[in-house]
Structure formats: structure tokens, C-alpha cells
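Peer 1: Listed here are the chains, written in short residue letters.
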Amino acid sequence: MALFLAYDVANNPLNTNEWAFPVCEVLHILGFAVGIGTITMVDLRLLGIGLKKESAADLWKGTFPWTLAGLALALITGPLIFSSDPNMYLRNASFRFKITALVLAIIFNYTIHRWVALKKSPGGVAVLAGLISLVLWASVIFGGIFIAFV
Amino acid sequence: MPPEFIQALQNMSFATAIRESAIVFPVILSLHLTGMGLFGGMILMTDLRLLGISLTKHPVSDIVNGLRPWKHLGLTLTAGCGILLLWSKAAIYYPNPYLRIKLVLFALIIIHALVFRSVYRNVADLDRSPVIPGRAKLAAALSIILWLSVVTAGRWIGYWEPKGAPVNAAQVIN
Numbered sequence: 000m001a002l003f004l005a006y007d008v009a010n011n012p013l014n015t016n017e018w019a020f021p022v023c024e025v026l027h028i029l030g031f032a033v034g035i036g037t038i039t040m041v042d043l044r045l046l047g048i049g050l051k052k053e054s055a056a057d058l059w060k061g062t063f064p065w066t067l068a069g070l071a072l073a074l075i076t077g078p079l080i081f082s083s084d085p086n087m088y089l090r091n092a093s094f095r096f097k098i099t100a101l102v103l104a105i106i107f108n109y110t111i112h113r114w115v116a117l118k119k120s121p122g123g124v125a126v127l128a129g130l131i132s133l134v135l136w137a138s139v140i141f142g143g144i145f146i147a148f149v
Numbered sequence: 000m001p002p003e004f005i006q007a008l009q010n011m012s013f014a015t016a017i018r019e020s021a022i023v024f025p026v027i028l029s030l031h032l033t034g035m036g037l038f039g040g041m042i043l044m045t046d047l048r049l050l051g052i053s054l055t056k057h058p059v060s061d062i063v064n065g066l067r068p069w070k071h072l073g074l075t076l077t078a079g080c081g082i083l084l085l086w087s088k089a090a091i092y093y094p095n096p097y098l099r100i101k102l103v104l105f106a107l108i109i110i111h112a113l114v115f116r117s118v119y120r121n122v123a124d125l126d127r128s129p130v131i132p133g134r135a136k137l138a139a140a141l142s143i144i145l146w147l148s149v150v151t152a153g154r155w156i157g158y159w160e161p162k163g164a165p166v167n168a169a170q171v172i173n
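Chains as they are written, first to last, in numbering that gives the first Met the number 0: chain A, 0 to 149; chain B, 0 to 173.
Bound-form chain A, shown alone (with noise of 0.2 Å):
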């Protein structure tokens, strides 16, 4: 923390340029879209609701560039938006839970999610793994929202 105390926000780009900061924004959101849509149709699969046709593993296979494409996006333009205000977004809860939730889920992702997408029959812990990476995902973008409102 005390590494923002002596950074003038003033200067930065984000706070001078009347684009500069929707436009992050707008990138952030197409970076999260694309990022939890991809892994939202594993989800949809492991959960046996959508895209049946398809294995998991395909699903998992397929879409894997396409997510990291889209987190990817997210993760450069969250923090171009977090160095706008650090000092505010460090005290405020709701980026605090969203932050906890946003750690969860890619090591979710990547770890547990990946290993039972591409299992051979991954049975009842599939829907188990859908529906927590379902609730890990909302809650980072709930808790991105709740930023201006705490």
C-alpha cells in the first residue's frame, strides 16, 4: 500500500484523457465477456444442460485460447483502471471480495475445472465443479460492480 502513497493520480493518462478510462472499460468488458462466456459453455456441459453434443474435453480444448484471450483482456485493462485510484480501490470491500473471488476462480479454473473438463467420465463431480466455477465467476463480477456503490 504504501507503494501508491507518494503516486499522484492527477498525472496519470486515465484520470487526464476523456477516453482513456471508458475505453478500459469497455475492453474490460469484452475481455470478461468472452473470457466467462468460453467457460461458461464448459460449465453448461459438465452441468449436462447445453451443448451436449459436444465432450467436455472438446469444449475445454476449443475454447481454451479463446478464454485466456479474454481473461488476458481483462487482466491488462483491471489494472490500467485499478492505477486510475489505487488508494480508493485498496479500501473499498467490494474490490477486496472481488479480488479473493478473481483469485479463486482462475486457480479453479486451471486446476480442478481443467481436470475434470478433461477427464474420461467425470460423473457427479462435474456438476459439482460447473456449479462452483458458475458462482466464482458471478461473484467477481458482482463484486466489480458493487465498487461504486460501497
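Treat the hints as calculated values from the structure; they're not laboratory data.
Any given hint might turn out to be false.
What the hints assert, rightly or not - Below 16 Å or equal to it, Euclidean Cα-Cα: the simulated EDC-like pairs (lysine to aspartate or glutamate) are:
#1 K52(A) <-> E19(B)
#2 K88(B) <-> E160(B)
#3 K52(A) <-> E3(B)
#4 K119(A) <-> D57(A)
#5 K88(B) <-> E3(B)
#6 K56(B) <-> E3(B)
#7 K56(B) <-> D84(A)
#8 K51(A) <-> E3(B)
#9 K136(B) <-> D124(B)
#10 K88(B) <-> E19(B)
#11 K136(B) <-> D126(B)
#12 K118(A) <-> E24(A)
As the list claims (entries may be wrong) - Taking CB as the label site, the calculated pair distances span:
#13 S120(A) <-> I5(B): 53 to 59 Å
#14 A78(B) <-> S54(A): 29 to 35 Å
#15 K60(A) <-> P96(B): 41 to 47 Å
#16 G123(A) <-> R67(B): 25 to 31 Å
Treat the numbers as computed from the prediction; the structure is a model and nothing was measured.
We put the CB at the ideal spot given by N, CA and C, even for glycine.
Dock chain B against the given chain A, drawing on the hints supplied.
Peer 2: Just chain B now, kept in the frame of chain A:
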């Protein structure tokens, strides 16, 4: 539309309740964004499949037909929440030029759906076709452009302020 009517919409008790609640408004906004995650991401994947860029190992019909009900669910959630958000601040949003741009874009999206109806209805034909026809690719490219424009216009709504009139910033933001 007459301003009295717009104001009357905003003054309805449920609209006032949404606007004035510290929880309900952001919850609806979060659901609006969650719908975008579900629906927007899947639209892009469908369009990229039609363009032959993503999920090329899966038949076009599996992706287009398989995602259709979920895109509909996402659209219902996003649009339903959007209408509630708009209704709750109808008089505040009414003069906003970006809202008007967004509404024009929705009209274009409806026209797009009507014009390219045959593309999305006969996806089984695309499975049999050795290359994806130009018309399907055009439909997909236009769809991506239109939806990206919707998101952009939507985000810009929050940054516009009426000239001259003092505004309560907390009312307009988001």
C-alpha cells in the same frame, strides 16, 4: 415522447424503489453484466465459428444450435435488467445521446436478424458446405461490430452530462 410521460414512468413506485435502493440498483446492474458475460461471450464465439476462426473442430450447427437457448437466456436477462435500469431513471437517461445511439443500434440488430435469418436457420447447410459462404461471414462480422458498438454506447451513457444544468453526479453515474 412527451417529457411528462417519461417523468411519470420514472415516478412509478417500483421505479423509485429501484432507483433509491442502495442494493437493488447495483444488483440489477450486476445481473445486466452477468447476462453480458453469458450472452456476449457466446455471441462472439458463434460469430467467430461462422467466420471459421474459433472452434473449427466442432460442426457449425452444433455451436450455433447448442448455444442458441443460452444466448436467448442471456439476452432475456440482459435486456430485462436493462429495461428496469432505464425505467428507474427514465427522465435522467432520456436526453442522453448515447442511450439514443444504443436504441438505434438495437433497431439495426433487429434488421440484421431479419436480413440474415436464413443464415442462422439453415446452419445444417453450412456443415455440408466445404467453405463457409460469404453471406454467413458477412452476417457474423456485422454481428460482432453491432454488439461491440452496443457495449461501447452503453458504457458511454454513464459519462455524458447535460450541458449547463447542475447534475447530481451520484444520480448519473453508471
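Peer 1: Each hint should be assessed against the structure and marked as holding or not.
Peer 2: Results of checking the hints against the structure:
no.: 1; hint: K52(A) <-> E19(B); result: violated (46 Å)
no.: 2; hint: K88(B) <-> E160(B); result: holds (14 Å)
no.: 3; hint: K52(A) <-> E3(B); result: violated (53 Å)
no.: 4; hint: K119(A) <-> D57(A); result: holds (11 Å)
no.: 5; hint: K88(B) <-> E3(B); result: holds (14 Å)
no.: 6; hint: K56(B) <-> E3(B); result: violated (56 Å)
no.: 7; hint: K56(B) <-> D84(A); result: violated (44 Å)
no.: 8; hint: K51(A) <-> E3(B); result: violated (51 Å)
no.: 9; hint: K136(B) <-> D124(B); result: holds (14 Å)
no.: 10; hint: K88(B) <-> E19(B); result: holds (10 Å)
no.: 11; hint: K136(B) <-> D126(B); result: holds (14 Å)
no.: 12; hint: K118(A) <-> E24(A); result: violated (36 Å)
no.: 13; hint: S120(A) <-> I5(B): 53 to 59 Å; result: holds (57 Å)
no.: 14; hint: A78(B) <-> S54(A): 29 to 35 Å; result: holds (32 Å)
no.: 15; hint: K60(A) <-> P96(B): 41 to 47 Å; result: holds (44 Å)
no.: 16; hint: G123(A) <-> R67(B): 25 to 31 Å; result: holds (28 Å)
Comparing the model with each earlier hint shows violations of hints 1, 3, 6, 7, 8, 12; every other hint is respected.
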